[in-house]
Amino acid sequence: MINGKKVLALLGQPNSGKSTLFNSLTGLKQHVGNWPGKTVEKKEGSFIRNGEEIIVADLPGSYSLSANSDEEMITRDYIASGKADAVCILADSSQLERSLFMLADYAGIQVPCFLVLNLADVAKDQGKEINIKALAEKLSIPVCLLSAPDSKNYESFYKCLDEAFDKKTLLDSAALEKAYEAIEGYSELKSIIPDDAIKGYSSAWLSAKVIEGDKAACEKIIPLLNPESKRKYEAVVAKIQKGSVLTGQCKFAWIDDLLSGVVNKVQKKAEFTKFDKAITHKVWGKPLVILIVIGGLLASFIPALPFMGIGMGISALIAPLQEALLGAGAHPIVTGIICNVVIQSVAYIVQMLGFVFGVTFVFGLLEEVGIMARVSYVFDNTMARFGLQGKSVMPCLVSFGCTMGGAAGARVIDNWGQKVLTIAIAWAVPCGAAWSIIPMLASNFFGAGAVIIIVAILLIMILHMFVTANIFGRILVKKEDRYGMIMELPPYHKPKVGALLRYVLGRTKDTFLRVMKVIIPICLIFWLLSYTATGLPENTILYKIGSFIEPVTKVFGLNWKLFTAFIASSVGKEGAVGVLSALYANTGTIYGAVVGTNAANDIQTLLAVIPKAEALAFMFAITFNVPCIVALAATYQETHSAKWTAIISVYYTIFALILAFIAYHIGLLIWPV
Amino acid sequence: MRNLRDLKVGSEAIVSSISGDARYLSRITSIGITPGCRVRMLKNDKNRPLLIFSRDTMIALNKKESESILIEEVKAV
Ligand SMILES: Nc1nc2c(ncn2[C@@H]2O[C@H](COP(=O)(O)OP(=O)(O)OP(=O)(O)O)[C@@H](O)[C@H]2O)c(=O)[nH]1
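Residue numbers (the working numbering), protein chains in the order written: chain A, 1 to 673; chain B, 1 to 77.
Careful, some of the hints might be misleading.
Partner residues are not named here, just some residues of chain B that face chain A (Cβ under 8 angstroms, in silico) [as the list claims (entries may be wrong)]:
no.: 1; residue: D6
no.: 2; residue: I18
no.: 3; residue: A22
no.: 4; residue: T29
no.: 5; residue: N44
no.: 6; residue: R48
no.: 7; residue: I59
no.: 8; residue: E72
Taking lysine-lysine pairs in the BS3-like style, the calculated list, with each CA pair at most 30 angstroms apart, reads [to be verified]:
no.: 9; chain 1: B; residue 1: K75; chain 2: A; residue 2: K282
no.: 10; chain 1: A; residue 1: K159; chain 2: A; residue 2: K124
no.: 11; chain 1: B; residue 1: K43; chain 2: A; residue 2: K128
It should be emphasised that the hints constitute simulated quantities derived from the structure, not laboratory data. Just so you know, these numbers come straight off a predicted model, no measurement behind them. Quick reminder that beta carbons are idealized off the backbone N, C-alpha and C, glycines included.
Isolated chain B (complex conformation):
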């Protein structure tokens, strides 16, 4: 399965699972990223956090940590 880091700019995906320590899970959940939610990659540059769009919100996420967010790619609507 692929992780969020692999998602190309402009593509969309559904989050299938998230792993990490209790603190990370609590933080990532509270900003609205949960299994089943849809994300769209806005920016995925080297040496920068990821920039995604999810639940009507633009969110910046640390790249390394985002490897623990697994996704299934879907067609963009």
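In isolation and in its complexed conformation, chain A is listed as follows:
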């Protein structure tokens, strides 16, 4: 119960359709946050059943209830907290035997539950027939078949739910406990471990966990034992070997018994499709994944277009509004803040969000269809070098187009530390905006030498990723959390476009609100710093600060103008050249350049006045600077951590300045002043 409302918790292995069920039940009434004090994403929502509001909690976790990860610990603690009035355990009917493992691992927990055999449509296509009634009798809990995407046919699901709530149905685990008795030491443990050493967990369940070497369970149990029991306990534990294998065999034997006579035997062949052959191919697999990402990026622009239109529409309002306000006698600063800060940022964010929407949607689609798991397989070895799973390659590739899209795409990574690390290294990938200005600048300044610069940028990018992975990886992905791949490659599923669209729209709205909170203050500060009543850059606060610290920034090869453009490039890279034009050639304003309202860039003037070594320093500085504030905000949105977003930003700023320093001094050797 939470505030007098009934709580339903969803539990299931990956690919059992948990998210689909959660989304169907709650629709848009869902909230994504963090588990208190943890970095694991918490999904909660609600729906109305018989006029009563019911809270749904999506329990995080993977294949079992052991204490191997934060996710699994949260799930266990949640069940122990007694908040859930019923737990809905999901299994995949098309892989029934394996996916019932979660049910077997749950057996012994004294919280009411019911079993949902999802993907019933797929099982039916396999010719599988499951006798639900017989299964329910064996387990003494409600059982139903379900096709989670088919939200019109949820009657039997709701019936099970009602029954579990009303009758508080507990899973019958006697047969499994009987099987455990064959394990040496089990009976002795069971006799000394009290029920409820962890609330809601039977002594049988706890004994099995002790046998499995579950540290979290042992730590809870040991203090409760009297000295004599403790001695016995230690003697038993010392003799146990490969506990998980022993209990695992019992669990699967129990599942076999459960299913015998309940399910007809259908032989399922490995479905290794043509596409699987291609995408897992030794040679062609990786290029194919990259092609898919490029295709996905292009496809992302289609749903992004309406957003861009809206954003431009909002932009178009600014000029008339500005005139009207000034005409009505409003103070220029007030007008500036309303028009240039608030409305301009909203317009900018809406345009950018289109892309976040597109990427989240396309990636969501790839994940749902099952392609993401293949990508993980293909890039496992490559990304393992960074301490990451194979999927992390996707955000990095997307970041060539747009870092913000990369950060948003990191959603598909299910472990928080790995997600943050992925985003941190994806920032090192120069984005589309950098690629649109650097080659142009480089060829103007260095002619054919531009090629060398681009190669250098790519090499530094790789180096940067390694260094960053090393520095942050130690903290974010601990050594003991780095283990080899054990992952299901699910069969391909037809995606539920409608549900996904609704979910992504909800997420985009969330992102919009969060991003606004970050961007408006930053734009406001930046606008104030670059405000000039006379139109001369020398009147801005930016100039005053810039020229004051110039002796320091000069060390990095950046005079105050270049340094200002460098700072501006962390707001938006597209604007960096415009800022230079504004400062060197007086075309447009600094602020206007950054938010994209300045018209012309005056490269010719820049060529004449910026020394080559400084230009070189500047190029490296902006390429590897903080990508842009929208990327920063997206990073905050995905990581839920202001601390880590700040750490990564500061780190990137410093790294960029160090690179500028090196580039500048190399430049001085080539072109001495």
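Dock chain B with the ligand against chain A, hints included.
Relative to chain A, chain B with the ligand alone:
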């Protein structure tokens, strides 16, 4: 005895024993690989995880870790 890594593509085997630390054993068990279960090798490429089929499921496994899964080869059905 041979380990899972040695199994040729297209061949089938029965798992005879698994060893490793408690965490590994718990993870490998929860995805359905236990002594006595049947596995079929789908892909065994250099520098890639193994791809096997077991209990109706396609599973990718780290190669190095899979050396601790011992098998007895059987005729494919
Ligand atoms: N045909 C069919 N497909 C389903 C059913 N339930 C879920 N799916 C699909 O299976 C895929 C995985 O479903 P999810 O809901 O993402 O599974 P999950 O358990 O949340 O998995 P994770 O997100 O990895 O935790 C999606 O493509 C769903 O559309 C079902 O009953 N029938």
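Structure-based check of each hint:
| no. | hint | in the structure |
| --- | --- | --- |
| 1 | D6 | violated, 17 angstroms |
| 2 | I18 | holds, 6 angstroms |
| 3 | A22 | holds, 3 angstroms |
| 4 | T29 | holds, 3 angstroms |
| 5 | N44 | violated, 11 angstroms |
| 6 | R48 | holds, 6 angstroms |
| 7 | I59 | holds, 6 angstroms |
| 8 | E72 | violated, 16 angstroms |
| 9 | B:K75 x A:K282 | holds, 27 angstroms |
| 10 | A:K159 x A:K124 | holds, 21 angstroms |
| 11 | B:K43 x A:K128 | holds, 27 angstroms |
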